[in-house]
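Chemist: Keeping the supplied structure of chain G fixed, place chain S upon it in accordance with the hints.
So the protein sequences, as listed, match chains G and S.
As numbered in the numbering used here, residues 484 to 834 make up the first sequence, in order.
As numbered in the numbering used here, residues 484 to 834 make up the second sequence, in order.
Derived from the structure by calculation, the hints contain no laboratory data.
There could be a bad hint or two in this list.
Computed footprint of chain G on chain S, listed as stretches where at least three residues anywhere in the stretch have a Cβ under 8 Å from a Cβ of chain G [said to hold, decoys possible]:
id: 1; region: 544-550
id: 2; region: 582-593
id: 3; region: 599-610
id: 4; region: 620-634
id: 5; region: 755-762
Small disclaimer: the values here were computed from a predicted structure and weren't measured.
Just so it is clear, CB atoms sit at the ideal spot from N, CA and C, and this is done for glycine as well.
2 protein chains.
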Amino acid sequence: MTSNDQNPAACPLPLTEYPHVLMAHGGGGKLMSQLIERLFMPAFSNPLLAQQHDGAVFQVDGTRLAFTTDSYVVDPLFFPGGDIGTLAVNGTVNDLAMCGARPLYLSAGFIIEEGLEMATLQRVAGSMQMAARQAQVQLVTGDTKVVDRGKGDKLFINTAGIGRVEDDVQVGPEQIGSGDAILISGDVGRHGLTIMAQRESLAFETTIESDCASVAAPVLDLVRSGVTVHCLRDLTRGGLASALVELAVQSAKEMIVEECRIAVVDEVRGACEILGLDPLYVANEGCFVAFVPQSDVDLALSVLRHHPVSHAAERIGTVGSGERGRVILRSAIGGQRVVDRLSGEQLPRIC
Amino acid sequence: MTSNDQNPAACPLPLTEYPHVLMAHGGGGKLMSQLIERLFMPAFSNPLLAQQHDGAVFQVDGTRLAFTTDSYVVDPLFFPGGDIGTLAVNGTVNDLAMCGARPLYLSAGFIIEEGLEMATLQRVAGSMQMAARQAQVQLVTGDTKVVDRGKGDKLFINTAGIGRVEDDVQVGPEQIGSGDAILISGDVGRHGLTIMAQRESLAFETTIESDCASVAAPVLDLVRSGVTVHCLRDLTRGGLASALVELAVQSAKEMIVEECRIAVVDEVRGACEILGLDPLYVANEGCFVAFVPQSDVDLALSVLRHHPVSHAAERIGTVGSGERGRVILRSAIGGQRVVDRLSGEQLPRIC
Numbered sequence: 484m485t486s487n488d489q490n491p492a493a494c495p496l497p498l499t500e501y502p503h504v505l506m507a508h509g510g511g512g513k514l515m516s517q518l519i520e521r522l523f524m525p526a527f528s529n530p531l532l533a534q535q536h537d538g539a540v541f542q543v544d545g546t547r548l549a550f551t552t553d554s555y556v557v558d559p560l561f562f563p564g565g566d567i568g569t570l571a572v573n574g575t576v577n578d579l580a581m582c583g584a585r586p587l588y589l590s591a592g593f594i595i596e597e598g599l600e601m602a603t604l605q606r607v608a609g610s611m612q613m614a615a616r617q618a619q620v621q622l623v624t625g626d627t628k629v630v631d632r633g634k635g636d637k638l639f640i641n642t643a644g645i646g647r648v649e650d651d652v653q654v655g656p657e658q659i660g661s662g663d664a665i666l667i668s669g670d671v672g673r674h675g676l677t678i679m680a681q682r683e684s685l686a687f688e689t690t691i692e693s694d695c696a697s698v699a700a701p702v703l704d705l706v707r708s709g710v711t712v713h714c715l716r717d718l719t720r721g722g723l724a725s726a727l728v729e730l731a732v733q734s735a736k737e738m739i740v741e742e743c744r745i746a747v748v749d750e751v752r753g754a755c756e757i758l759g760l761d762p763l764y765v766a767n768e769g770c771f772v773a774f775v776p777q778s779d780v781d782l783a784l785s786v787l788r789h790h791p792v793s794h795a796a797e798r799i800g801t802v803g804s805g806e807r808g809r810v811i812l813r814s815a816i817g818g819q820r821v822v823d824r825l826s827g828e829q830l831p832r833i834c
Numbered sequence: 484m485t486s487n488d489q490n491p492a493a494c495p496l497p498l499t500e501y502p503h504v505l506m507a508h509g510g511g512g513k514l515m516s517q518l519i520e521r522l523f524m525p526a527f528s529n530p531l532l533a534q535q536h537d538g539a540v541f542q543v544d545g546t547r548l549a550f551t552t553d554s555y556v557v558d559p560l561f562f563p564g565g566d567i568g569t570l571a572v573n574g575t576v577n578d579l580a581m582c583g584a585r586p587l588y589l590s591a592g593f594i595i596e597e598g599l600e601m602a603t604l605q606r607v608a609g610s611m612q613m614a615a616r617q618a619q620v621q622l623v624t625g626d627t628k629v630v631d632r633g634k635g636d637k638l639f640i641n642t643a644g645i646g647r648v649e650d651d652v653q654v655g656p657e658q659i660g661s662g663d664a665i666l667i668s669g670d671v672g673r674h675g676l677t678i679m680a681q682r683e684s685l686a687f688e689t690t691i692e693s694d695c696a697s698v699a700a701p702v703l704d705l706v707r708s709g710v711t712v713h714c715l716r717d718l719t720r721g722g723l724a725s726a727l728v729e730l731a732v733q734s735a736k737e738m739i740v741e742e743c744r745i746a747v748v749d750e751v752r753g754a755c756e757i758l759g760l761d762p763l764y765v766a767n768e769g770c771f772v773a774f775v776p777q778s779d780v781d782l783a784l785s786v787l788r789h790h791p792v793s794h795a796a797e798r799i800g801t802v803g804s805g806e807r808g809r810v811i812l813r814s815a816i817g818g819q820r821v822v823d824r825l826s827g828e829q830l831p832r833i834c
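Next comes chain G alone, as it looks inside the complex (with noise of 0.2 Å):
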């Protein structure tokens, strides 16, 4: 049998099933993940690549560095908590963080559309410089383009980051063992939620704010206060639910959440009800899970629970110990289901 001869339902290519880029290929569902699977990882075929974190991990003459990208395309470019440049900082030094690096040095490239008010792209820029100062890391690099009118959407940022990865740490899905508790580091749903009140023009009662912000210090301070820290990963695009589904397949892993640990804030669980949404599924960015040895909760916790942004760390879950690729909700009533990816687009441009 030749690759031509193999059953197109069983693995098609996006090329015959979508023919053309859909919204819901950047939402971080399924979409997404079959683009990535199927284009990306097949056209850039690497180890390092195939790691599928949130960065890629190798060493430079001895040194263990991490690396890694995200384009900001959020709209609006400001709102309650950040706009576009504390996103694209804070974003980039998580996933760093995520990778158990210390965040080093970002880079930055500007795709700007012509006719952008001068003055907001000055608020931008120092909104980067604050929340860099804040994250410790340093934007060293950049680039500027700018494309006609109608043809970007005002600016979006790449940045790219690099940091160096504590000498110990081995943190990836394939660490991830049965047994493991599931800490969360907060409430979840702030972020989507605040971006899609503020397009919607919704007025809520209470002002939702986003909760972008540096997760490198509580992160840092759990890899070097001795806990065993087995996987991390921030909650942005398809929310604590996504990510969640997403590292059970790539561990291979059951994992079992107690819903009623997921801390929602009434504002957010309050619009997510108005506007027909799953807070499980809402956006975050400054929000992670980490994955640790039950022997280590209560270290991780009190450690995690020193940090003002990750002051509401909670144990949520744990690993069990069938080998099957999905994670089930327990509700406070006793009932289970299984938690499925995010099937098309929730929130678009989120971040």
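Modeler: Structure of chain S alone, referenced to chain G:
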């Protein structure tokens, strides 16, 4: 006198002089320099950024690294001699090479306009992988964003790159010395003219092809051959003239260049005449200048000519003894003129 009293003509802020971003702010000329010097540099102020080189060079645990980024917004996506994918790889590889670094790892961030043909994306990914193989770098981490139809332009790609700086290499504008020879790796103007011809649907008798290629191999050979390389710069946006003016200003040196030594192929010269362009200001994507001591010229040229991409390397000028940051172009008939920066936009979105 407070800072508000300063003569606005002497040091105008982009905010007051240009309340909105113009196409020329991304064109590689005067306005782009102003935007960088007056908005980004003050905002992100740090010594590494102040190097104003093609990338930042720093040490992590004693290992010297180069780090650089570029966003690619070329229009059209495909052109004779390459596409946005080959450009995105080679452009960043070349920026690393200009730091005297061996390119190692690249990141790739895709901003896709909703509706892009999946086949286009697949073709571009294939080009990137082929270019990466040729340049001996690995694409190890990436990101995909999709923006609504009409809010982007098919495909923008950002790449960032990490390279290992050779131990004894010290390249940069500050290393340029009086008496240094100015070498060029080949003929100029092919990339910019190729894009312009495609965009304007001009039919020239001979098809011009972009020079898009990695120059890492000749550069590494040069630095390893024992040649003392003082500075390297690739001749992208703004072409040879803009690169030399920038280096003259940064090094506070006078550069004297012989016009007759600068190769321009007949098709490029002819097309430039039709379009009213000066080939010295037209972008290249596989061409660079190297500053080396007088005593190393023969060795340097022989090393460069050994590589196909720089087989036509030539000496085009000399760094003068004066302290004035300017470039003097001597014509074949004995006249001379001061070369100025490009003042407006010449070829937008050529990379």
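Chemist: Each of the hints needs a verdict: does it hold here or not?
Modeler: Do the hints match the structure? See the list:
Given as covered by chain G, the region 544-550 of chain S passes the check, having 5 residues with a CB less than 8 Å from a CB of that chain where 3 are the minimum. By the rule of at least three residues with a Cβ nearer than 8 Å to a Cβ of chain G, the coverage given for the region 582-593 of chain S holds, with 6 such residues. Only residues whose C-beta sits within less than 8 Å of a C-beta in chain G count toward coverage, and the region 599-610 of chain S has 8 of them, enough to reach three; the restraint holds. By the rule of at least three residues with a Cβ nearer than 8 Å to a Cβ of chain G, the coverage given for the region 620-634 of chain S holds, with 13 such residues.
As drawn, the region 755-762 of chain S meets chain G at 0 residues by the rule of a beta-carbon pair under 8 Å; below three, the given contact is violated.
Violated hints amount to a single one, hint 5; each of the other numbered hints is respected by the structure.
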